[in-house]
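Peer 1: Here the protein sequences come in this chain order: Y and R. Numbering follows full-length UniProt numbering, with no gaps: position 71 of the first sequence is 71. Numbering follows full-length UniProt numbering, with no gaps: position 207 of the second sequence is 207.
Calculated directly from the structure, the hints in this document are not laboratory data. Hints are not guaranteed to be accurate.
Unchecked claim - Each computed DSBU-like pair below joins lysine-lysine, with the alpha-carbon atoms no more than 35 Å apart:
#: 1; chain 1: R; residue 1: 58; chain 2: R; residue 2: 44
#: 2; chain 1: R; residue 1: 326; chain 2: R; residue 2: 42
#: 3; chain 1: R; residue 1: 42; chain 2: R; residue 2: 112
#: 4; chain 1: R; residue 1: 282; chain 2: Y; residue 2: 80
#: 5; chain 1: R; residue 1: 58; chain 2: Y; residue 2: 160
#: 6; chain 1: R; residue 1: 58; chain 2: R; residue 2: 42
#: 7; chain 1: Y; residue 1: 160; chain 2: R; residue 2: 282
#: 8; chain 1: R; residue 1: 169; chain 2: R; residue 2: 282
#: 9; chain 1: R; residue 1: 112; chain 2: R; residue 2: 169
#: 10; chain 1: Y; residue 1: 80; chain 2: R; residue 2: 58
#: 11; chain 1: Y; residue 1: 13; chain 2: Y; residue 2: 160
#: 12; chain 1: R; residue 1: 282; chain 2: R; residue 2: 42
#: 13; chain 1: R; residue 1: 326; chain 2: R; residue 2: 169
#: 14; chain 1: R; residue 1: 58; chain 2: R; residue 2: 112
#: 15; chain 1: R; residue 1: 112; chain 2: Y; residue 2: 160
#: 16; chain 1: R; residue 1: 326; chain 2: R; residue 2: 58
#: 17; chain 1: R; residue 1: 58; chain 2: R; residue 2: 169
#: 18; chain 1: Y; residue 1: 80; chain 2: R; residue 2: 169
To be verified - Derived DEER-like restraints, expressed as beta-carbon distance ranges:
#: 19; chain 1: R; residue 1: 231; chain 2: Y; residue 2: 147; range: 54 to 64 Å
#: 20; chain 1: R; residue 1: 398; chain 2: Y; residue 2: 117; range: 43 to 53 Å
#: 21; chain 1: R; residue 1: 191; chain 2: Y; residue 2: 166; range: 34 to 44 Å
#: 22; chain 1: R; residue 1: 52; chain 2: Y; residue 2: 165; range: 54 to 64 Å
#: 23; chain 1: R; residue 1: 149; chain 2: Y; residue 2: 16; range: 53 to 63 Å
#: 24; chain 1: R; residue 1: 152; chain 2: Y; residue 2: 165; range: 24 to 34 Å
#: 25; chain 1: Y; residue 1: 189; chain 2: R; residue 2: 113; range: 23 to 33 Å
#: 26; chain 1: Y; residue 1: 247; chain 2: R; residue 2: 188; range: 54 to 64 Å
#: 27; chain 1: Y; residue 1: 117; chain 2: R; residue 2: 52; range: 35 to 45 Å
#: 28; chain 1: R; residue 1: 135; chain 2: Y; residue 2: 160; range: 21 to 31 Å
#: 29; chain 1: R; residue 1: 167; chain 2: Y; residue 2: 243; range: 22 to 32 Å
Stated by the list, open to error - Coverage of chain R stretches by chain Y, computed from C-beta distances (three or more under 8 Å per stretch; other residues unrestricted):
#: 30; stretch: 136 to 147
#: 31; stretch: 264 to 270
#: 32; stretch: 282 to 288
Ideal Cβ positions, reconstructed from N, Cα and C, are used throughout, including at glycine.
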Amino acid sequence: MTSKLSSILAATKAEGRAALIGYLPAGFPTVDGGIRAANALIEGGCDVVEVGLPHSDPVLDGPTIQTADDIALRGGVRIKDVLRTVQEVAGTHPAAAVLVMTYWNPVDQYGIARFAADLAAAGGAGVILPDLPVEESAQWRAAAAEHGLDTVFVVAPSSKDPRLAEVTAAGSGFVYAAAVMGVTGSRAQVGELAEDLVARTRAVTELPVCVGLGVSTGAQAAQVAGFADGVIVGSAFVQRILDAGADEAAGLAAVRALAGELAKGVRARLN
Amino acid sequence: MSENLTGPQVPDARGYFGAYGGRFIPEALIAAVEQVAEEYEKAKHDPAFTAELDLLLKDYTGRPSALTDVHRFSAEAGGARVLLKREDLNHTGSHKINNVLGQALLTRRMGKTRIIAETGAGQHGVATATACALFGFDCTIYMGEVDTERQALNVARMRMLGAEVVAVKSGSRTLKDAINEAFRDWVANVDSTHYLFGTVAGPHPFPAMVRDFHRVIGVEARQQVLERTGRLPDAVVACVGGGSNAMGIFHEFIPDAGVRLIGCEPAGEGLETERHGATLTKGTPGVLHGMRTYVLQDEDGQTVESHSISAGLDYPGIGPEHAWLKDTGRAEYRAVTDDDAMQALRLLSRTEGIIPAIESAHALAGALVLGRELGPDATILVNLSGRGDKDMHTAAEYFGLYDDAAQGEKR
Chain Y
1 MTSKLSSILA ATKAEGRAAL IGYLPAGFPT VDGGIRAANA LIEGGCDVVE
51 VGLPHSDPVL DGPTIQTADD IALRGGVRIK DVLRTVQEVA GTHPAAAVLV
101 MTYWNPVDQY GIARFAADLA AAGGAGVILP DLPVEESAQW RAAAAEHGLD
151 TVFVVAPSSK DPRLAEVTAA GSGFVYAAAV MGVTGSRAQV GELAEDLVAR
201 TRAVTELPVC VGLGVSTGAQ AAQVAGFADG VIVGSAFVQR ILDAGADEAA
251 GLAAVRALAG ELAKGVRARL N
Chain R
1 MSENLTGPQV PDARGYFGAY GGRFIPEALI AAVEQVAEEY EKAKHDPAFT
51 AELDLLLKDY TGRPSALTDV HRFSAEAGGA RVLLKREDLN HTGSHKINNV
101 LGQALLTRRM GKTRIIAETG AGQHGVATAT ACALFGFDCT IYMGEVDTER
151 QALNVARMRM LGAEVVAVKS GSRTLKDAIN EAFRDWVANV DSTHYLFGTV
201 AGPHPFPAMV RDFHRVIGVE ARQQVLERTG RLPDAVVACV GGGSNAMGIF
251 HEFIPDAGVR LIGCEPAGEG LETERHGATL TKGTPGVLHG MRTYVLQDED
301 GQTVESHSIS AGLDYPGIGP EHAWLKDTGR AEYRAVTDDD AMQALRLLSR
351 TEGIIPAIES AHALAGALVL GRELGPDATI LVNLSGRGDK DMHTAAEYFG
401 LYDDAAQGEK R
C-alpha cells in the first residue's frame, strides 16, 4: 500500500516541483496556538508538516528550536497534547501529511507500540527520530509498519556510501538529508555539502530525498528545489512566532507568509 | 602491553552491558563515534600507545597513587579498617587525569587538533585543559552557568591553562546541559574535533573506553591492599555521579565475588524531596546522552533536573555499566545526603589532615555507615577520587568558616 507521505511526494514530483515540508513544535506558544500555527503552515503552502514533540535535551537542535521547546515544556505540554495537535491538523487538512519529529526517549517511555497505535489513530503519517540510529530501530520500525506509519531516517554529509545504503534501506516515505554538519537553525547559505549528499543518496535509493537544516528563504528553497525532492524548513518558522511575541495573529500571519514565499521557491527550481 | 587497558569482555559489540548502553546519537556523529571506536580498538593493542600512556601516568600524573590507612577516621567507622586510594594526589587533583591522558593520545592518533569537553565541578575540565596544554591542542570546555559560579576557581584554572570556558545558559545550566552543548559543537566541528567525554557514559565506545583508562585505579588498589593486609577488602566504596572513578576502582574487583562493591550517589536534600541526584535509587531506564541507562525522568521521558551540593555528582543519568551492575546485583548503590557528605568531609579533614572533594566525601560518608554495619574486623577500601581545594568556597560557606571581615571583603 502506498503511504500518504509517498503519495504526496509522488504528486509533487508529477507537478515538476519539490515538496515543501514545515516544522513547528507542538505546545508552542500554547497547545491551541501551536495547532493554529501548524494549520497556517499548510494553508500557506506546506505539503507536509512535522509536529515537534518538545524534549528537555534536544541535542540536535540549535537555540531557536530549543527556546521554543522550553516554552512548550514550561507551558506543560504533554505527549497527549502532541497527539491532539496531530489529530487536529490532520483532520483539518486531510490532503497534507503530518509527521512527528522527536527524540527517542519520549517515544520509548510512552511505549513503542502504544505510540505507534496512538499516532496512527490521530491521523499521523509517520515519524522522524533523529537520535534513533538504524541499528537501534528494529522494534520501532516493526511497530510503525504494523500501523502504516513511515519512518524517515536522517543522513548526513559524514555518512559514508555503504552507510547511506543501509540507512535508506531501512527507511520509508523520504530520506531526510541534513544539508550541513551542525544543528538546526537558519543559515545565510545552505551547505555546499547538500547537493553532493543528495546525489550520493539517490545513487542508493529510490526514496525521495528532502533537504533540511539551514533553509529560511524563498531563494534558498528554490536553490535546494533544484537538486532535491523536498525542502524542509523549521527554525525560520519558529523564529517568526518568537518574533511576534504575545501577538498570536501576527505570528500566524508571518508563518503563513513565509510558507507562501517558500512554496513559490520550491516551484521556481533554480538551476 | 599495558595490563591496565583490558579486562572482562563487556560490553558486547554493540556497546551493551545487558540492557544498557548502545548508541543513540544523530547520524552526523555516527562516523565520528565509529572512528573513536576503531582507533581505540587499535590503540589498546598497540604496545607503543600503551607504553606512552604508562609513561605519562608514571612521570606526569604521579602514579601509582598512594594507599593510605586512616586510623583516626576508622575509629568513627565502627572501628573497621578504612584504606583510602589516593587519586586526589594525582596531578590536577583527581582521577580524571587518567582518562584525559588516554583520550589525548587517541586524539593525536586520529589527527585531530581540537578538543572539547564538558565539566560539572571542573575536575574533568581542568584535567582536559591540562592535557591540551601538554599536547598543544585547542581546547573548549562547556560548563553549566550554575557550575561556573560555584566552581569559579576551577574556571580560572582552566583559563590559566589556555582553555576557552563556555558558560552554558540553557536548561538547568548544569552538567547535563553542558553535555548537550558539547554534542552540538561536536556535530558542527567533527572533522577537527574530538569530544573528550569525561565519564563512563555517552554512546558506545565511551563507557567502556573511559572505564578502561580508569581501570588502573582498581588494578593498583587491589595489589596494594593485598600487599598491605594480606587479603582482599570486604568492600570497595566510591562515589557515583556519572560513575567514572567508581567503575575504575570496581572493575578489577568484579570477579572477586567476596568483595562488596558499593556506589554512593547523591541524595542531595533527601530522597523524599525532589532535590537529589540519586539516579540509580530513584531513576528509571531510559535514553539520555546517547545511551540507555537509568535516568531521572518524568513519565513523558523528559529529564528531571538533579541536585547535589557537589557539582561533580549533579547529573540525572549514570554510566550504563553501573545500571547493569545494579540490575545484576554485583554492585550496591546507596544514596548519601548533602549533609552527611559534608560531615564526612569535615571529619576526614580533622582526623587525618586530608580535605577531600565533596564528591569523594559521599563515599566517605558511605564508608562510615558501612563500617558500623560490618564491625571492626572489616577492611573497607574507599576511592578518594579528588581533593577538596576546588570545593573550599562551598565548604566554607556551609560551615561558616569565613569570618565577618573576610566575608565583607569578599562581597
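Peer 1: Taking the hints in turn, state whether each one holds.
Peer 2: Do the hints match the structure? See the list:
no. : hint                         : in the structure
1   : 58/R with 44/R               : 18 Å, holds
2   : 326/R with 42/R              : 31 Å, holds
3   : 42/R with 112/R              : 17 Å, holds
4   : 282/R with 80/Y              : 25 Å, holds
5   : 58/R with 160/Y              : 40 Å, violated
6   : 58/R with 42/R               : 23 Å, holds
7   : 160/Y with 282/R             : 41 Å, violated
8   : 169/R with 282/R             : 26 Å, holds
9   : 112/R with 169/R             : 28 Å, holds
10  : 80/Y with 58/R               : 57 Å, violated
11  : 13/Y with 160/Y              : 27 Å, holds
12  : 282/R with 42/R              : 38 Å, violated
13  : 326/R with 169/R             : 33 Å, holds
14  : 58/R with 112/R              : 25 Å, holds
15  : 112/R with 160/Y             : 19 Å, holds
16  : 326/R with 58/R              : 33 Å, holds
17  : 58/R with 169/R              : 38 Å, violated
18  : 80/Y with 169/R              : 29 Å, holds
19  : 231/R with 147/Y: 54 to 64 Å : 60 Å, holds
20  : 398/R with 117/Y: 43 to 53 Å : 52 Å, holds
21  : 191/R with 166/Y: 34 to 44 Å : 22 Å, violated
22  : 52/R with 165/Y: 54 to 64 Å  : 38 Å, violated
23  : 149/R with 16/Y: 53 to 63 Å  : 58 Å, holds
24  : 152/R with 165/Y: 24 to 34 Å : 51 Å, violated
25  : 189/Y with 113/R: 23 to 33 Å : 25 Å, holds
26  : 247/Y with 188/R: 54 to 64 Å : 33 Å, violated
27  : 117/Y with 52/R: 35 to 45 Å  : 55 Å, violated
28  : 135/R with 160/Y: 21 to 31 Å : 28 Å, holds
29  : 167/R with 243/Y: 22 to 32 Å : 26 Å, holds
30  : 136 to 147                   : violated (count 0)
31  : 264 to 270                   : violated (count 0)
32  : 282 to 288                   : holds (count 3)
In the structure shown, a violation is registered for the earlier hints numbered 5, 7, 10, 12, 17, 21, 22, 24, 26, 27, 30, 31, in ascending order.
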